[in-house]
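Produce the complete structure using the sequences and hints provided.
Read top to bottom, the protein sequences are chains D and Y.
When we follow full-length UniProt numbering, the leftmost residue of the first sequence carries the number 1, and every step to the right adds one.
When we follow full-length UniProt numbering, the leftmost residue of the second sequence carries the number 1, and every step to the right adds one.
No false leads were slipped in.
Pairs of lysine-lysine, DSS-like flavour, derived with a Cα cap of 25 Å: (1) Y:246 to Y:83; (2) Y:287 to D:203; (3) D:92 to D:305; (4) D:92 to D:229; (5) Y:287 to D:229; (6) D:229 to D:203.
Because the hints were derived from the structure by calculation, they are not lab data.
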Amino acid sequence: MAQAAAVAKQPAPPRRRRGSATPRRLPYLLIAPAVLLMLGFIAYPVLSVFYYSLQDYNPTKPWRNGFAGLGNFTHAFTEDPQFWDTLVFSGKWVVVEVGLQLVFGLALALIVNQTFVGRSLGRALVFSPWAVSGVLTSAIWVLLYNSQTGISRYLADLGIGEYGTSWLSDTSTVFPAAVVADLWRGVPFFAILILADLQSVSKDLYEAAEVDGASRLRQFLHITLPHLKDAIILSTLLRAVWEFNNVDLLYTLTGGGPAGETTTLPLYIANTSVDAHDFGYASALTTVAFVILLFCSMVYLRLSKFGVGGDK
Amino acid sequence: MITKDIDTVAPAVPAPVADEPPQRPRKGRRAWDEAPRRQIYLPLGIYLLFTLVPFYWILLFALRPTGSTSLVPWPMTFEHFDKVWNDRSFGTYFENSVYVGLATLLMTTLVALAGGYALARFDFKVKRAFMLALLCSQFVPGALLLVPLFQIFAELQMINSLGSVILAETVFQLPLSMILISGFIRNVPYSLEEAAWVDGCNRFTGFRVVVLPLLRPGLIAVGSFAFVHSWNHFLFALMFLSDQEKQTIPVGLNSLMSADSVDLGALAAGGIVAAVPVVIVFAFIQKWLITGFSAGAVKG
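Here's what the structure looks like:
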């Protein structure tokens, strides 16, 4: 406060009313940079995607460019089995990843929320993969899954499995292999968010419950879970969207293979636009993905009664 | 925050036991006061194994000579690091990544701070619409906007300059950062600022002197988020930068991986180079992260 007083002496006394300088324009000025950036680099691209979704647009085949109406959409829904395959795989990927990450993340958060010797170190270590990128995660798991010098070789030394097993190039093992790699980096995300929310549970509640003789499980079900409800809903939703959209890991780990087995819809879209240069069709697929995401999010928020009950 | 926890929790636990000896004989009571040691260390140990083996694995590959199959990195060699840093230009990539990360951190924090303050402290006409736009933008996948973004940057003559990546990273970091920061600002009582105005500060100095110091944990969390995110993200760099000397670390890693015969030692060493800065940032901010988030971020 002393500092504040010192600063205050500098400006001349007869000024506009303190603190309410330009109250009308100030908030708009403050959000202006953010608004401009988002208009230019999010809103405009989104609108142009909507626009191109109704066009045939392929720079390598300019003679076919022009208005396509809903042609791109009907093509996707009726003539493109790959669209359905990748959509189904995306759904499977998101549900499995988010479900497992939530379960393990919740368990981990509850464990490291206890008091025990070495807690700080334990937290730092189990959370550390959070900071690791998708590409680096891929690099690490490529080393682990490598058929010549990866884990499988040493397991084979112990008599488990066979030499030369490559989990990433076998269609029956590639899905669990990719899931485990993504779990490794995804669980800490949930653990950190849930642990943060656990900090705000009143200790009195547990003490009261204990006095009443409530078991640990009942304390968890009736105090901890209701308290975490909104945080869990929000973090699962954000994570689901993120897992759906993020292509770093699968792009670098499996490249969508083997045989298109691990191609998500966004990966398919990226291939359609970047490799095949079919911007019109890619835009239509993007629009579909966008609508699906929005629809699923609304349904999820409604069904989970976000913000209803479970008061803190 | 974390150390304070230990202080406050520790005395609270024995208290009920001491207060109510008659309850003690009931089964399960005492048992779970003692059982947690095992209940904590066993699952934690198993999970730690899952976390740390991959880290050990990459370290092992980076330090042992090519062709070795030993499970300990001995004899140790730094040939892979030398190769990656000099021959595979990771030195240049590293510099670019640092530049992109710091610029993104600075821009995101400044723009989000201004916007977050407006959201926390003012009621204005488009506020609800703006909040909605922020939330909706979370559903817009940067990966799916690559083509229109590419066209925009081509228009702006920014393809192949780090500026395009910095701008794109900043824009996609902004919404969440702004929501988080406005939550932090809301946690600072308005009356503190008003008191500063009474003392003669204007809005800006009042903010700088009173609010900003209290925002430190939150700003550290948001800033490091921005840094780590842009350090790690690779699609924008892959798309917008074509010259090799403009590339960033993740793109370099990717090209090591997508080579026909992957040089595992070089890949591991490159991975370590990619990991070191984020590990340092992470070690530094770990405590702030939990406090930062629990300061009402999600509830904002």
